[in-house]
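J.: Spelled out, the chains give:
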Amino acid sequence: QKEVEQDPGPLSVPEGAIVSLNCTYSNSAFQYFMWYRQYSRKGPELLMYTYSSGNKEDGRFTAQVDKSSKYISLFIRDSQPSDSATYLCAIRNSGNTPLVFGKGTRLSVIA
Amino acid sequence: ETGVTQSPTHLIKTRGQQVTLRCSSQSGHNTVSWYQQALGQGPQFIFQYYREEENGRGNFPPRFSGLQFPNYSSELNVNALELDDSALYLCASSSPTSGRPTNTGELFFGEGSRLTVL
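If you read the sequences in order, they're chains A and B.
Per our numbering, the first sequence starts with residue 280, numbered consecutively.
Per our numbering, the second sequence starts with residue 25, numbered consecutively.
These are computed hints drawn from the structure, not numbers from a lab.
In this text the structure is predicted, and so the values were computed from the model without any measurement.
Among these hints, one or two may not hold up.
In silico lysine-lysine, BS3-like type, Cα no more than 27 Å apart, as pairs [stated by the list, open to error]:
# : chain 1 : residue 1 : chain 2 : residue 2
1 : A       : K281      : A       : K382
2 : A       : K346      : A       : K321
3 : B       : K37       : A       : K335
4 : A       : K335      : A       : K346
5 : A       : K382      : B       : K37
6 : A       : K382      : A       : K335
Listed next, with one range per pair, are the computed distances between beta-carbon atoms [said to hold, decoys possible]:
#  : chain 1 : residue 1 : chain 2 : residue 2 : range
7  : B       : N103      : A       : S332      : 42 to 52 Å
8  : B       : N83       : A       : K346      : 20 to 30 Å
9  : A       : A308      : B       : L107      : 32 to 42 Å
10 : B       : A62       : A       : N334      : 31 to 41 Å
11 : B       : Q41       : A       : K346      : 39 to 49 Å
12 : A       : K335      : B       : N103      : 36 to 46 Å
13 : B       : K37       : A       : S291      : 13 to 23 Å
14 : B       : L63       : A       : K346      : 24 to 34 Å
15 : A       : S361      : B       : S31       : 23 to 33 Å
16 : A       : L325      : B       : T140      : 34 to 44 Å
Heads up, the beta-carbon is just placed ideally off N, CA and C, and yes, glycines get one too.
Just need the whole structure built from these sequences, with the hints factored in.
T.: Laid out in C-alpha cells, this is it:
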C-alpha cells in the first residue's frame, strides 16, 4: 500500500462548480497536511496546510483533515478557469521531514 | 526577494551519461531538498541538504548525489543515466522549523529542470 493515495483524474467541471479533491494515507504518524497547486510546466506552490485534524478556510479554498479515517480533502468553491491545474496532496511527520506526495489530480474548469 | 531558481530548464542526455543540475535557494533559506517528478506522478524525495551536509535521503541509488555550497545553493548529480531517470527535477528551499505546530517549514519550489534520457 502506498503511503499516500490520490485519484489522478482527470477531473473536468463547469465554471462555478464546487470541486472536491481527496487523498487517503496509511501512516498515522503524519501530522502536517498540505495541498500544492502545480500549473503546467511550473513547480508546485503551497495552497493550503493543516496541522492535525480539522478544517481550514482561505477564500474559496477549504482544507479538511480527518485523522481517524486518514482522509484529507480540498474543496474549491465557485471554481474558475484559472483554477485549472494539478493539485497535489502532501503529508509529513514533522516540520523538517520530507514531504510525501500523492500522484496529483488534474483539474480542468471549463468556462 | 529572489525565489528558487534552477538551471538548466531543459536538457537531453543519452544513457550512461552524467548530468549536473543546479539550484539557487530563496534568500534566507539554508535547507535545500531535491525531488524527482516522473510524468503523471507526484514528486518523490531524493535528498535534503542543511548547512552543506546531507541530512535525509529517499529511496534513490548512490548514483544520485548532491552538494550544498556555503551560499546554500545546491547541485544534483546523476551518474550512469538510465531511461527511467527522465523526469522533472525539482529543487525546494526552506528554513528549518522550530518544531512548533504552526511552523511547517514551508517548501518553496523552483520551476524544475526537465531531463530527457534517450
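J.: Taking the hints in turn, state whether each one holds.
T.: Hint check results:
no.: 1; hint: A/K281 to A/K382; in the structure: 10 Å, holds
no.: 2; hint: A/K346 to A/K321; in the structure: 31 Å, violated
no.: 3; hint: B/K37 to A/K335; in the structure: 44 Å, violated
no.: 4; hint: A/K335 to A/K346; in the structure: 14 Å, holds
no.: 5; hint: A/K382 to B/K37; in the structure: 26 Å, holds
no.: 6; hint: A/K382 to A/K335; in the structure: 22 Å, holds
no.: 7; hint: B/N103 to A/S332: 42 to 52 Å; in the structure: 44 Å, holds
no.: 8; hint: B/N83 to A/K346: 20 to 30 Å; in the structure: 26 Å, holds
no.: 9; hint: A/A308 to B/L107: 32 to 42 Å; in the structure: 35 Å, holds
no.: 10; hint: B/A62 to A/N334: 31 to 41 Å; in the structure: 33 Å, holds
no.: 11; hint: B/Q41 to A/K346: 39 to 49 Å; in the structure: 46 Å, holds
no.: 12; hint: A/K335 to B/N103: 36 to 46 Å; in the structure: 43 Å, holds
no.: 13; hint: B/K37 to A/S291: 13 to 23 Å; in the structure: 36 Å, violated
no.: 14; hint: B/L63 to A/K346: 24 to 34 Å; in the structure: 32 Å, holds
no.: 15; hint: A/S361 to B/S31: 23 to 33 Å; in the structure: 28 Å, holds
no.: 16; hint: A/L325 to B/T140: 34 to 44 Å; in the structure: 28 Å, violated
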